[in-house]
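Student: The primary structure of each chain is shown beneath.
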Amino acid sequence: MLSLEEVRRIAALARLELSPEEERLFAGQLSAVLAYVKQLEELDVSGVEPMTHALAAGEAPPLRPDEVRPGLPAERALAAAPARVGTCFQVPRIIE
Amino acid sequence: MSAELLDLDLRTLSEALAARRVSSREATAAALARIQATDGRVGAFLRVTGPQALAAAAASDERSARGTRLSPLDGVPLALKDIFLTEGVETTAGSRILEGYLPPYDAAVVERLRAAGAVLLGKLNMDEFAMGSSNENSGYGPCRNPWDLSRTPGGSSGGSAAALAARQAWGTLGTDTGGSIREPAAFCGVVGLKPTYGRVSRYGVIAFASSLDQPGPLARTVGDAAILLQAVAGRDERDMTSSARPVEDYLAGLEGGARGLRIGVPREWLAEGLDAGVEARVRQALGRYQALGATLVEVSLPHTRYGIAAYYLIAPAEASSNLARYDGVRFGQRAAARGLREMYQQTRARGFGAEPKRRIMLGTYALSAGYYDAYYLRAQKVRTLVRRDFDQAFARCDLVAGPVAPTVAFRLGEKGEDPLQMYLADVFTITANLAALPGLSVPCGLHPELALPVGLQLVGRPFDEATLLRAARALEREQPPLGPPPGLA
Numbered sequence: 001m002l003s004l005e006e007v008r009r010i011a012a013l014a015r016l017e018l019s020p021e022e023e024r025l026f027a028g029q030l031s032a033v034l035a036y037v038k039q040l041e042e043l044d045v046s047g048v049e050p051m052t053h054a055l056a057a058g059e060a061p062p063l064r065p066d067e068v069r070p071g072l073p074a075e076r077a078l079a080a081a082p083a084r085v086g087t088c089f090q091v092p093r094i095i096e
Numbered sequence: 001m002s003a004e005l006l007d008l009d010l011r012t013l014s015e016a017l018a019a020r021r022v023s024s025r026e027a028t029a030a031a032l033a034r035i036q037a038t039d040g041r042v043g044a045f046l047r048v049t050g051p052q053a054l055a056a057a058a059a060s061d062e063r064s065a066r067g068t069r070l071s072p073l074d075g076v077p078l079a080l081k082d083i084f085l086t087e088g089v090e091t092t093a094g095s096r097i098l099e100g101y102l103p104p105y106d107a108a109v110v111e112r113l114r115a116a117g118a119v120l121l122g123k124l125n126m127d128e129f130a131m132g133s134s135n136e137n138s139g140y141g142p143c144r145n146p147w148d149l150s151r152t153p154g155g156s157s158g159g160s161a162a163a164l165a166a167r168q169a170w171g172t173l174g175t176d177t178g179g180s181i182r183e184p185a186a187f188c189g190v191v192g193l194k195p196t197y198g199r200v201s202r203y204g205v206i207a208f209a210s211s212l213d214q215p216g217p218l219a220r221t222v223g224d225a226a227i228l229l230q231a232v233a234g235r236d237e238r239d240m241t242s243s244a245r246p247v248e249d250y251l252a253g254l255e256g257g258a259r260g261l262r263i264g265v266p267r268e269w270l271a272e273g274l275d276a277g278v279e280a281r282v283r284q285a286l287g288r289y290q291a292l293g294a295t296l297v298e299v300s301l302p303h304t305r306y307g308i309a310a311y312y313l314i315a316p317a318e319a320s321s322n323l324a325r326y327d328g329v330r331f332g333q334r335a336a337a338r339g340l341r342e343m344y345q346q347t348r349a350r351g352f353g354a355e356p357k358r359r360i361m362l363g364t365y366a367l368s369a370g371y372y373d374a375y376y377l378r379a380q381k382v383r384t385l386v387r388r389d390f391d392q393a394f395a396r397c398d399l400v401a402g403p404v405a406p407t408v409a410f411r412l413g414e415k416g417e418d419p420l421q422m423y424l425a426d427v428f429t430i431t432a433n434l435a436a437l438p439g440l441s442v443p444c445g446l447h448p449e450l451a452l453p454v455g456l457q458l459v460g461r462p463f464d465e466a467t468l469l470r471a472a473r474a475l476e477r478e479q480p481p482l483g484p485p486p487g488l489a
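Read top to bottom, the protein sequences are chains R and F. Using the numbering used here, read the first sequence as starting at 1 and increasing by one per residue. Using the numbering used here, read the second sequence as starting at 1 and increasing by one per residue.
Honestly, the hints are just simulated from the structure, not real lab data. Glycine is no exception: its CB is placed at the ideal position from the N, C-alpha and C atoms. Treat the hints with care, as some may be off.
The calculated SDA-like cross-link candidates involving lysine to any residue, where the alpha carbons are at most 25 Å apart (straight line), are [said to hold, decoys possible]:
hint, chain 1, residue 1, chain 2, residue 2
1, F, Lys-381, R, Tyr-36
2, F, Lys-415, F, Leu-149
3, F, Lys-415, R, Glu-21
4, F, Lys-381, R, Glu-21
Counterexamples of contact, computed for chain F against chain R with all Cβ distances above 12 Å [unchecked claim]:
hint, residue
5, Ala-115
6, Gly-256
7, Gly-293
8, Ala-310
9, Ala-324
10, Ala-366
11, Pro-406
12, Gly-483
Construct the entire structure; sequences and hints are all you get.
Tutor: Right under this line is the structure:
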């Protein structure tokens, strides 16, 4: 069972602010999911390679020449920004 | 004419457009009127782009008049799950955190559909960030099943399936991470195809779990799904997992029949927990294949039941990483705050619904120091075992067949507040995503008591979509059409 303390630690890592109700709800629900995934421990995976990508056997991503190509122009990249200054994304002050 | 037009399948409409018996403007206007008349009850669309659709239709009609049609999709009204970026058209992935977001470019598949001359009607409802199996996790309200408006259309591509059943569009695109094309297709009585991982570009598709996500078509017939896949499949160097293999001609062998096919029946897919009416329809379909000259082979996929456990570690782990970008800096909503950290936390707290929060928490936990080996790494090893199951099965058969979901469409609210109950709906579909294989859902009749659609799932070898389509078409020819969904009568 996940403690409220652990739930708060994970939420802080994930940059999520949870209400006290959410903390209690997630402690219960996440504990249930973690109990369910415990069944993976029944399997002997010694000597089994992890599947670290989803390409079909023998497939490799074809490489292209490493050459400069135009990207999204700054104006378009900034168009959806909640706040901007010139050609920069604006964020709250982080250095006093 | 309008009602008859709406009942045509995509292929027949395409022929009528090419012969100029129907104009794209007529078809588009009929679809928009149908959406207007029915979508207040169904909720398949998050937004309808009527003026742009009619302008695209007019341009298509001019091409038809000049004899310069671009493709079989020229002038055909389609709609897109709201996970595909559309330049200048609001795209939210069903999340409030992206409310008002106007993408600066089109997804690769959207480029391809536009280049093919297709008319895009709008953006379709979905579970938030494709996380869900019922469309109830949408940040903009649920979508309902046209067969029974008290039931869900399935998810996460719920709008993509419901719009087809409601005769609002002639084809749609969805995405499938753990069954999100196939389950809604089954629940709504339409065809849904999740291609092999790497067959269709993920460029411009809002990411959920990048090693599992795959875009694909939903359609009213198998042939229509083949036409749509043909239009969107193929190499795109902006998606580094996009395959360079040549794309087959999916229509060429479509009518090849089932004779000689070896169809594997995984014993774990017809086991306890499967609804009796669903099992009856699946067994009936398997019997039809035998009658058509296919051979049924019993196979075993012993790691099926571990699939959900592995998936609910791998997918949330990838999601927790992918959803880190929603921090209020570059796009989407931003909460007012004094400092940077508070801005991140408040933006994410307000913008994300319960399911993304749950999965971000789960994924962050599984990847955090001290837990990585026990959870994420072990799940990746089990993923290898799931893939080996299929490799062994395909040594003895050409494809495997079984149910798409353990039940027919369930009622809104039926799974309640227990997320695990919802996750279990994906038990038969998740393994194809883990193994990166193509999977198709084709209607196989109505549930004997509930009169709701049942889907048969076919899973094939990597890049063997053609065999899945051929087998599904063979079954489609043998069974009566489902008819119009009574929920909208």
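Student: If a hint holds in the structure, say so; if it does not, say that too.
Tutor: Each hint tested on the structure:
no. : hint                  : in the structure
1   : F:Lys-381 - R:Tyr-36  : 17 Å, holds
2   : F:Lys-415 - F:Leu-149 : 16 Å, holds
3   : F:Lys-415 - R:Glu-21  : 20 Å, holds
4   : F:Lys-381 - R:Glu-21  : 36 Å, violated
5   : Ala-115               : 20 Å, holds
6   : Gly-256               : 23 Å, holds
7   : Gly-293               : 29 Å, holds
8   : Ala-310               : 7 Å, violated
9   : Ala-324               : 8 Å, violated
10  : Ala-366               : 9 Å, violated
11  : Pro-406               : 16 Å, holds
12  : Gly-483               : 38 Å, holds
Against the hints set out earlier in the document, violations occur for numbers 4, 8, 9, 10.
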